[in-house]
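Asks: Each chain is listed here by its residues.
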Amino acid sequence: MARTTAFSALIAAAVALPLVAAPVAALAQRDPAYAAARAAGQVGEKMDGYLGYVTPPNPALKAVVDDINLKRRAVYSEKAQAQKATVEEYAFTSGCLLIAQTQPGEKYQAPNGTWQTRTSAPPQRDSRCL
Amino acid sequence: MSRLTHCPLLTVHTGTATIAGSKGRKRGADVRRRVLAAGMLAGAAAALSGCISVKAPDKPIVIELNINIKQEVVYRLAGDASQTIDKNKDIF
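First to last, the sequence lines map onto chains A and B.
Here the first sequence is numbered in this note's numbering, starting from 1 and rising by one per residue.
Here the second sequence is numbered in this note's numbering, starting from 1 and rising by one per residue.
Warning: the hint list may mix true and false statements.
[Said to hold, decoys possible] Straight-line alpha carbon distances no greater than 30 angstroms define the calculated BS3-like cross-link-like pairs of lysine-lysine that follow: (1) B:Lys89 with A:Lys84; (2) A:Lys71 with B:Lys89; (3) A:Lys71 with B:Lys70; (4) A:Lys71 with A:Lys84; (5) B:Lys70 with B:Lys59; (6) B:Lys87 with A:Lys62; (7) B:Lys89 with B:Lys59; (8) A:Lys84 with B:Lys87; (9) A:Lys62 with B:Lys89; (10) A:Lys71 with B:Lys59; (11) B:Lys70 with B:Lys87; (12) A:Lys84 with B:Lys70.
Note that these hints are calculated values from the structure, not bench results.
Excised from the complex, chain B in its bound form (with noise of 0.2 angstroms):
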């Protein structure tokens, strides 16, 4: 009990399963619709228990590229691009 505290989803889930495996084929399809209403109610409580929802953003998500650039790698270029700006003064 003190299971669904903490997240009722997972706990409902198991125990409809149970129930599905014992009472055999013939009422799947009733077993399926209460395992369906069992996890609506869980989702319910989920929203009103400590589960952490997870939302989309409303805003577009922006990448910037240049975090992408390590500092190892402007190590590494830098004495080359320093001779490549020197000897391309007209456009530097």
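Bound conformation, chain A alone (with noise of 0.2 angstroms):
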């Protein structure tokens, strides 16, 4: 009988299992039209730790970009709380890597409030970033 539920508990886990690491491995991925937009130019990362946009975006686009602004929002304020910061400095700090990340051709958000496009030297950051 032990063996029978243990077996049926190992069934359901192996079932459940992809149900679990299914949406999981969706969160993980960025969203294509948010993708593309950052490849060609169309947003941006700013220094606050945000989405800017660098042209115009289309209502698609601005649903879609909005939408990660607010998550972001989310996290971070979730995460500098834990850390006994304030959102601004947790998303200032976020701000300061994620400009560090860009790739070659992506664009960031210099110090003086320009869009640069990012090249494979170091970007121009604020000099508080690390």
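Please dock the two separately framed chains into a single complex, following the hints provided.
Replies: Listed below in structure tokens is the structure:
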């Protein structure tokens, strides 16, 4: 009886695992519209840790990017609270890292507020960035 | 007398206050008027002499909130923020 229970638990786990793993795998990738806009230089990383529009967005892109920024804010808020920091501090720190992680061709905001295209050289960042 | 050249406002006020004390209460209102006149005169003199005047700016004062973020905070949060970015690749 005990073996049957263990076996059925194993079956249940095997069935449940893809159900749990599937949404996680889907979450790990960028929305195709966002990825395309990023590569095309339509959106860029701002110093404050959020995405900004380099060129006026179409409604579909705006919806996607605004949603990402809302989600970013939610994550920053949660993590900032855990670190006893302000949302702005956590977001700014993330912005430093996100600008550093941009790929050549992608856009980022320089300390003077202008949009710059990332090259193979290090990006222009705020003096407080590490 | 040499004090006048620095900032007349202070010197004139001191002098008039002494008069108010010695003349008594009856002429208080009169003295007060004199103090006021002296003050106004001093103000005019101050404008002509080397006194510093402060004017309200004609443009609104904009305070950049980012200035409040210190490098030590960025240093403290960088490790955690880096992990957060890695764990939420869909939104970064």
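Asks: State for each hint whether it applies.
Replies: Each hint tested on the structure:
| no. | hint | result |
| --- | --- | --- |
| 1 | B:Lys89 with A:Lys84 | holds, 24 angstroms |
| 2 | A:Lys71 with B:Lys89 | holds, 12 angstroms |
| 3 | A:Lys71 with B:Lys70 | holds, 25 angstroms |
| 4 | A:Lys71 with A:Lys84 | holds, 20 angstroms |
| 5 | B:Lys70 with B:Lys59 | holds, 27 angstroms |
| 6 | B:Lys87 with A:Lys62 | holds, 24 angstroms |
| 7 | B:Lys89 with B:Lys59 | violated, 43 angstroms |
| 8 | A:Lys84 with B:Lys87 | holds, 20 angstroms |
| 9 | A:Lys62 with B:Lys89 | holds, 19 angstroms |
| 10 | A:Lys71 with B:Lys59 | violated, 36 angstroms |
| 11 | B:Lys70 with B:Lys87 | holds, 25 angstroms |
| 12 | A:Lys84 with B:Lys70 | holds, 14 angstroms |
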